[in-house]
Every structure is written in structure tokens, then in C-alpha cells.
Amino acid sequence: MKAFVGCKRVIDYAVKPRINPEKTGVVTQNVKMSINPFDEIAVEEALKLKEKGIVKEIVAVMVGPSAGSLQLTNGPLAMGADRGILVEIPEEDANPLLVAKVFQKLIAKENPELVLLGKQAIDNDANQTGQILAGLMQWPQGTCASKVEMAEKQVTVTREIDSGLRTVTMDLPAIVTCDLRLNTPRFATLQNIMKARKKTIEKTTPKDLGVDFAPKLKVLQLDEPSVRKAGIKVATVEDLVGHLKKTGTI
Amino acid sequence: TTGRSMAFANFQRSFQLAKNHKTSSFSRGYATEAKPMRALTDFSDEENELRSLVAKFAKEKIGPKVREMDEKSQLDPEVLSGLFEQGFMGIETPTELDGSGMSFTDAIIVIEELAKVDPAVSVVCDVQNTLVNNILSNWGTKEQREKYSRQLAQNTVGSFCLSEWGSGSDAFALKTKADLQSDGSYILNGSKAWITNSGEAGIFLVMANADVSKGYKGITTFLVPKGTPGLQVGKKEDKLGIRASSTCEVLFNDVRVPKDQIVGPVGSGYKIAIETLNEGRIGIAAQMLGLAGGAFEATLPYIYQRKQFGKPIGTFQGMQFQVAQIAMDIEAAKLMTYNAARLKDAKQPFTKEAAMCKLFASQVAEKVSSLCINMLGGVGFTKDFPAEKFFRDCKIGQIYEGTSNIQMQTIAKLIERENGLDTKTTQHK
Chain A
1 MKAFVGCKRV
11 IDYAVKPRIN
21 PEKTGVVTQN
31 VKMSINPFDE
41 IAVEEALKLK
51 EKGIVKEIVA
61 VMVGPSAGSL
71 QLTNGPLAMG
81 ADRGILVEIP
91 EEDANPLLVA
101 KVFQKLIAKE
111 NPELVLLGKQ
121 AIDNDANQTG
131 QILAGLMQWP
141 QGTCASKVEM
151 AEKQVTVTRE
161 IDSGLRTVTM
171 DLPAIVTCDL
181 RLNTPRFATL
191 QNIMKARKKT
201 IEKTTPKDLG
211 VDFAPKLKVL
221 QLDEPSVRKA
231 GIKVATVEDL
241 VGHLKKTGTI
Chain B
1 TTGRSMAFAN
11 FQRSFQLAKN
21 HKTSSFSRGY
31 ATEAKPMRAL
41 TDFSDEENEL
51 RSLVAKFAKE
61 KIGPKVREMD
71 EKSQLDPEVL
81 SGLFEQGFMG
91 IETPTELDGS
101 GMSFTDAIIV
111 IEELAKVDPA
121 VSVVCDVQNT
131 LVNNILSNWG
141 TKEQREKYSR
151 QLAQNTVGSF
161 CLSEWGSGSD
171 AFALKTKADL
181 QSDGSYILNG
191 SKAWITNSGE
201 AGIFLVMANA
211 DVSKGYKGIT
221 TFLVPKGTPG
231 LQVGKKEDKL
241 GIRASSTCEV
251 LFNDVRVPKD
261 QIVGPVGSGY
271 KIAIETLNEG
281 RIGIAAQMLG
291 LAGGAFEATL
301 PYIYQRKQFG
311 KPIGTFQGMQ
321 FQVAQIAMDI
331 EAAKLMTYNA
341 ARLKDAKQPF
351 TKEAAMCKLF
361 ASQVAEKVSS
371 LCINMLGGVG
381 FTKDFPAEKF
391 FRDCKIGQIY
401 EGTSNIQMQT
411 IAKLIERENG
421 LDTKTTQHK
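Respectively, the protein sequence lines represent chains A and B.
Just so you know, we're using the working numbering here: the first sequence kicks off at 1 and counts up by one.
Just so you know, we're using the working numbering here: the second sequence kicks off at 1 and counts up by one.
There are no misleading hints in this set.
Simulated crosslink set (DSS-like; lysine-lysine; CA at most 27 Å straight-line):
id, chain 1, residue 1, chain 2, residue 2
1, B, 271, B, 217
2, A, 147, B, 56
3, A, 32, A, 203
4, A, 48, B, 61
5, B, 59, A, 16
6, B, 347, A, 195
7, B, 61, A, 32
8, B, 61, A, 52
9, B, 395, B, 61
10, A, 16, B, 56
11, A, 199, B, 56
12, A, 198, A, 32
13, A, 147, A, 2
14, A, 198, B, 56
15, A, 48, B, 56
16, B, 307, A, 229
17, A, 50, A, 199
18, B, 311, A, 16
19, B, 177, B, 217
20, A, 50, B, 56
21, B, 236, B, 175
22, B, 61, A, 195
23, A, 195, A, 48
24, B, 56, A, 32
25, A, 16, B, 61
26, A, 50, B, 61
27, B, 147, A, 195
28, A, 105, A, 199
Calculated from the structure, these hints are not laboratory results.
Isolated chain B (complex conformation):
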């Protein structure tokens, strides 16, 4: 045999070997008598009731204020207090800590339904639950959870401060430093950028490097309450979309953090950030899914009312094909998002599925919201219709919590690893 076919034979063999080592996603899918498999769209009665409740709340309490919040780039205080009162800001927090004691999938349902009305309000709820609350519940001490998880569920907005002007995708190149003091406390110096919720936040979870000599392994998570001397929330960005969600700089000037406000071990910040963002991706997917659904729901009735050439425009075949495409894309995004959520609730690996659903749902949101404006015609181009806002809001989905390029890279690396093609495995020869 020639060198080339031998190389191919070798490749096939190591491919098979590596594949057998992993539990690939296919092995999870077989039904047994003891464990009947459900459809991905099989929501429990309680989940459906939750969905109706959130939809009704969003429509009645948030809907009338969406346009004004967007124009003023300001979250309405009554909307925010409504989110707290309804228990939407501590969805998974246990009831003993004044939370709602529900599941991650329940949180995803809430985020999706809020986004159908206002993706900006949805992200406020998403960051609070999937980033801030999750960090404390996964890594916080009992005392930290007692104090801060309770506040976050009841009345305090939280912010997750990772990005800086010089470090977005390259997150661990962050420059905010934490200097150890003799009493075990740290002094923080630096500035964070693009921080969601920072305009309203009372609690800031800050990633700073406590030991630069260790590179990213020095990054540590610090909990800094608002009002701590030296902590300052800077200018609010004037954004294209999700304008009601505050995005500001957060500045740290000799901010003292006592050692009992360090979350997780010193130097575990990079791990916390990665794991938290993995979960957060499913939340963003839900936001984008809701956005696409909201845009579609606003468009579909209109095209059956608007008549041209003697018929409702929705009855023309070209429009019907577009409707079919939109519905199919939304269905696919929905299945991917809820499957990822269910995997997480079942404590199974979900990193790949989370990256995929965030990437896909954000792309669907852009495609659908854009097409909806086309279908609405002239009115879709005005602020009197909700379509233009959904279109502006959709862009951030491909940027925050991991850009689309980063998601694709993450997915590719996971595929490599699954198939034994990454350098760690192939080097075993």
C-alpha cells in the first residue's frame, strides 16, 4: 500500500479509537421501557402555566412602556420593581433565601417570554439569573449566599464585570488588578467596560487579577457592593439596540474588598467565568428566540389584514414561503435552546449545545427580524411598529457573551476533542 492510503488507514483507526472513548451525543438518545423519551417540546403543565403568566405580565406591565424605555435609553423603575415582585430576579434561588426555587428551564422560559415583548428587559433578567445568581449559588460560601443571594432575589440588581476596553473576546487579558493587603483584603484598580445592568446594579461581581505572575490563573472573582469607596459607574453607552438595558463603564480606584467577599478560591476566576458564560449562553439563546418570536407574532396577523391586488398579502405564495422559512428557523432555534436547558437541568454535559444554540438563535433573530420588516413594508420601517426595534435589538446577540466567531471556534474545538483530533489526543501515538 502506498504511504497515502496507509496514512488514511491510520487516521481511520485512531479516529475510531478516540470515538469509542467518548460518550458521544448519539448514545444518549435511545428509549428504553423504563425511560420513555419525550419530545423536546414536551413542556409540563406547570411550565406551560408559567409561560402564560410571564407572557401576560410582559404584555400588560412591560408592553406599554417599551417604546419610551427604548427612546430614553432607560429602564422604567416600575418595570424593574415588577420583575422583582414577580420573583423573576431569583428564579433558581432557593425559597429559603427568598427566591422562587424553580429550575434552569423555568428561567429560560421566563427569559424567552420577556424577550417576546422587550429583549432589553429580558437581558436584565437573564444576566441576573444566569450569570450573577449562578456564580453565587455555584461558588459562593454559605454566608455569601445568605446575604447576597437573598438581596439579589428580592431587590438588588447584579452586574458581571469581566470585559475591559482592551479585553473582550480575549477576556483573560484583563488588566484590572487586585493587590493583596496584610489583612487578607484586596485593593482593586482598573476599569471595566460594556457592563450590562451596571446602571441599576447594587452588587458587582468583578474579575480582577490577584497574581499577574500566574497569568490568567491569577484571576479572582470579587463581590463589590455599590457605595464601596472608589467604585464608580461611568458613562452609559448610547446603543443601537437593547437601549433600556444599561451598559456602562465601571471604574475601580483603590477599591477595598475584604477577604470574605472573594467568591470561590483565589485564582479560580477564569474557571468561574468560563463555566458561568457557558450557562449564560443558553439564556442569550432564549432571549434571541423570544426576539424572533415577538417579531414574527407582530408580523403574521398584519400580512393577513393588509390587502394588495385584492388579496391579503399573506396569501401570496412568495410571502407564504417566507412565513414557512421563518417558522422553521424559530422551531429549530427553540428545540436547540430547550434541549440545552434540559441537558443542564439533567446535569449532563451541555457546553457544545449551549454554544450552538446561542450562535444559531442569534443568527435566526437577525434573519427573522430583518425579513419581518420586509414583509411589513413601509410601516415596518417606522417606530410605530415593533419590528424595527426587534431588528436593532438582534445585533447584540452575535456579540455579547461570546461573539459568533468565538462560538464557532468553541464548537470546532469541541468537535475536535470528541473525535480525538485535538492535539492532546493525537499526540498519544
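So here's chain A without its partners, still in its complex pose:
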């Protein structure tokens, strides 16, 4: 079975992002970039399935700028993915709907039976691409996975939801998005990094795939979260209720 793993290039989790002077986005020049941590978890899960003999080929798919081939090579390919596909777009953070449409075209070309994605990207926290893709493909989805079990032509996903754990069993082909507690991604070894440099990354563009990537949303303004203001202390419950009524909260 062939598996796709979605890998997004994001600002490294340890970096403190700064808003650009135009207030339209975040500064990415000279900033350290990495593979989205949830996507690394997805790669690790695919590798585990390959080690069990269930998945035969892992294709790491990135929709991002061409410089992303560095992260693809040193991340998923060095961890053990077989090859990569880089769909080149000029800017960093693409709209989830457009990314899902690109994946839809690639799936039609490559026919993977399992698509693993990180549950969300740490830059936009959207948590949408997997779900939108499932809708476009009319495939079942198991999102926020903390456990993945494969059976003959089926995948069972234990999902972390607000009220606890929910288990779903789906027929393949299916979409799975991976959550934090699913696994601990392995470190790439130096030998595997050297091997990864020889693996192929097929490069294409949304245009080549027949996807109109013109943005449908325009970011008007981006601001830092407002500084938390000091609160006040009240002596009695009546005072508290009075204040809440005064501010129109209740």
C-alpha cells in the first residue's frame, strides 16, 4: 500500500515570530524553518506501518516554497520516507482549501490508500486541511488520532476529542490526521541524512496540476494579542455580580 504524508514547512516552534511592518503577516526571512511537528508525528506513524509491512511506499508531500526541499530532505526523507513531492508555491502559508485541492489532484495521480496529515499546522492552527480533503475525496476521516491500528482494508483510529476518546473504524482509502500523543518521532541518523540526499523530490506547481491557486482570502491585518490588562478584586459575590452586569457580561 502507498501512503501519502503531508509535510508543511513552518517557522520553527522555538522561534518567537514577529509581525511584519505592514501588519499583513509574519516575518519569515532569515527565520529558522522546520517541518510542522504534527507532520513529523504523521511521518513516524507511516514509518511504523512500513516497518510492520503494511505500507510499502511512503511519499512525503509538501506544498510550499522551493527552499522547502531542504526540510523535506533532512526531515521526512531522512527519517525514512521513500520519496518526496514538492508542489511549489511562492508564499509560505497557503490556504487549507487550496492545499486540499492540490492533494486531491496528487491522489488522483498516485492512488495512495492512506493519507496521513498532522492535525494542524503550528503557524495558522487551522486544523482544516485533512477534513476538507476528506470532503473533496468523499473519503472517511479519523482526525486528532492518538492511536492508529490497521486491519485488512480498514483503519481504526482512536481520536482525542474534548469529552475523551472516540474510536472510529474506516474502510480504506481514508484520511488520518495525527495528534501529539500518537507517537514520538525518531531522530534522523547521519547515515540516513546522507541517503536522503540521493532520494528523489519530484517538483511541480499547482498550475501543472490544474489547480487555481489564486488566494480567495486576503489578510487585512495581523496584530499581536493585546496585552493583558490588570483585573480588580471584589469583596463579595454581590459585588462580582454587580460588575458582571455593569460590563454587560450577564
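Mind docking chain B on chain A? Use the hints.
Only chain B this time, still in chain A's reference frame:
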């Protein structure tokens, strides 16, 4: 003209003559259109990715165990196996021999990043790569590399046995003897001291004298696997710093070494030792650089959190001046270390630069780690903060692989030679 001014004129002339003979370091620096010169801090994307990987591995897999390893004076077996699994123990070894197939500069990056977390773990990796692996790759036969380089890259720690109780700086006064037998093998007798990695080593590269009548030109390099009858690892030193790195005596009692386990020609041991230690110096510089960086990284955030007199102490000008000094010293040590590494990778002479960067980086490590404890105040003096360990660890940098005094002497001699002032050149009149 008086005798004195004539002597000065003569001196100036021979100085110029000698200078013109050598390619001094200045001539390497000019840019041409065909060869744009890069900044010393211009690392490739792959080198930066390697650095991030090692930093992350060190922080997650080694960081939590540093204090315990130091207290127990014991390298954690999982940390050691982690170094092997990651390919950190055979960085330059070719992939055909199960190594990582990378460059010397890559090895320096790994050593530096490991040292930022634990200089003791860093030296384990440094000795393996810059001393043991290098000797085999530069001097070993094809068969020796096939067998031993592979093991060293995959699962076997190596030790470099040169020093003895009676010979440290005066290394070639070593007394361990190798007696030739009729079948070409040698019998080794003697004892080595201060041997790094010996507690974990499975392979020992031993310098012993095979022909005392030739003085230091009889010194030969022997490869002795652990378990060879007569080889015994003695007591572990109870050290001030880098405690997790084992430093033990190694005793040789009628140890038989077959002739195919001699590395390099008989009598070339002194040459092997000198050339290997030259390269090893850059590794130690990287360890000391990482140490200074680690101490600084642990201190800087704290001084901006700790408030006294209503402000973070890092905003006081006196502290700011100290921060600037530390950052500048680390930058200088970094440039010297990586320049030496690049020179080696470019197969250009690097002996002087290697001695300089080791000397300088070890001095910076002491200065920075000491100052960091001052800046942290009381908490810096406790084991709960990493600063005191960096301070204890720094001292060895000025001692092993050539003491600071030896480095200064080496540098001075090279300056003499560069300027035609050494006795060999001046005697030409």
C-alpha cells in the same frame, strides 16, 4: 654605519628573504572573480540542519541525564548507544564502512553542539572521531579499516593510549615497550595513564616503543582489542570535571599483538601521534566553544528574569558590558575554530591555527563559565543550575591534548619558522 645598525640591516634583510620563501597566511585571503570568499560563519544549509538535529538530540536525549552522569561519574549506556545510532561515532568514516560519510567540519559541528549540553559526552565523540577514527583512516591498511573502522562507527568505543605516569607533555619519553617476536608479532609491556574512553573502549590504539635504541623513532602504533590477554583497564580517575567521560589507567602485561595489528609503519608512531593530535586540537576547541556557549545560553535568559532594585539585572550596564565581552569572546573562538576546520577540509596547512584555536577556546571557556556563575549569583553556585558543571568541566581544556604552555610553545616555534628565525633557517648564512 655602526655595528649595531648593520646588524639590524642584516636582520631585516634575512627576515624579508625568509618571509618571501613561505606562503604566509595572508596570501590566502584575496578574493578573485572565480573564487568569491565567504564569511567564516557562512555555513551551508545542510550544515545548519545538522546543527539543529544534534542540538535537538542533545537537549532531549542527553540533557535529562547530565546531572546524574556527572554525580555518578558514569556515562549512561543509553546515551552511548544513542551516539552510535545517530551516526555520531563514525562521522567521517565512509558509508561503505557503515559510517556517516561526512566532513571534518561536520564532526566539529557535532562536537560543539554536544558540548553545549554536556562537554563530557562531547569528548567521548571527539576522541572517537578526531583521534581514533582518523588514525585508522589516515594510516590503517584496507583490511584494518574494513574490520575496525566499521566496528568503531557502529558499536565499539575506541581509546588513544599515549600518555603515561611519567610522560605527559614529554610524550615521547614513554616507556611502554614492544618486543619483537620471531613470528613478527610484538609483546607489549607497560602502563598508560589518563586514557579517555578507556572505561567503555573495545579497541585501544597504543603507542609503544618497538626499538628503544632509536629513541622516539622507535615508537609504533599498535591496535589492541579489549579482551586480549594481559590488557587490563585499571582504576577510573575521580575527576573535577567531565566526570561522565571515563579516564583510566590501561595496563599491558605481556600483551601479544599480531603484526597485522600494527597501524602505519614500525617507528612512525611519533609522527602519527603528532599529526593526529594536531587535528584533535580543533575538536577540543569545538568542545570548549560549545561549553562556553552552553554556559552563556543558560545564563542570559536568567539575568533578564531575575529582578533586583526593580529591574531585571541584565539591564544594568555593568552586566551588559559583561554580556558583550562574553559574546565577543565566543564569537572570536567560533571563528578561529571553524576557520581551522575549513582549512583542514580544504587540505591546507592548519597546524598553527589548530594550536591557536584550542588554546584560545579553552581560555574563553574558563573565562566565560566563571563569569556566568558570577552573573547568576547564588543559584549559579548550586548544582541545580548547569553553570557550576560547565566551570568544573572547562579546566581540562587547558590540559589535555597539549597543555596551554605546550600550545604556546608550538605556536611560537611556528612563528619562528614562518619568519625564518628558527635555527634551521638562520644557519644558512
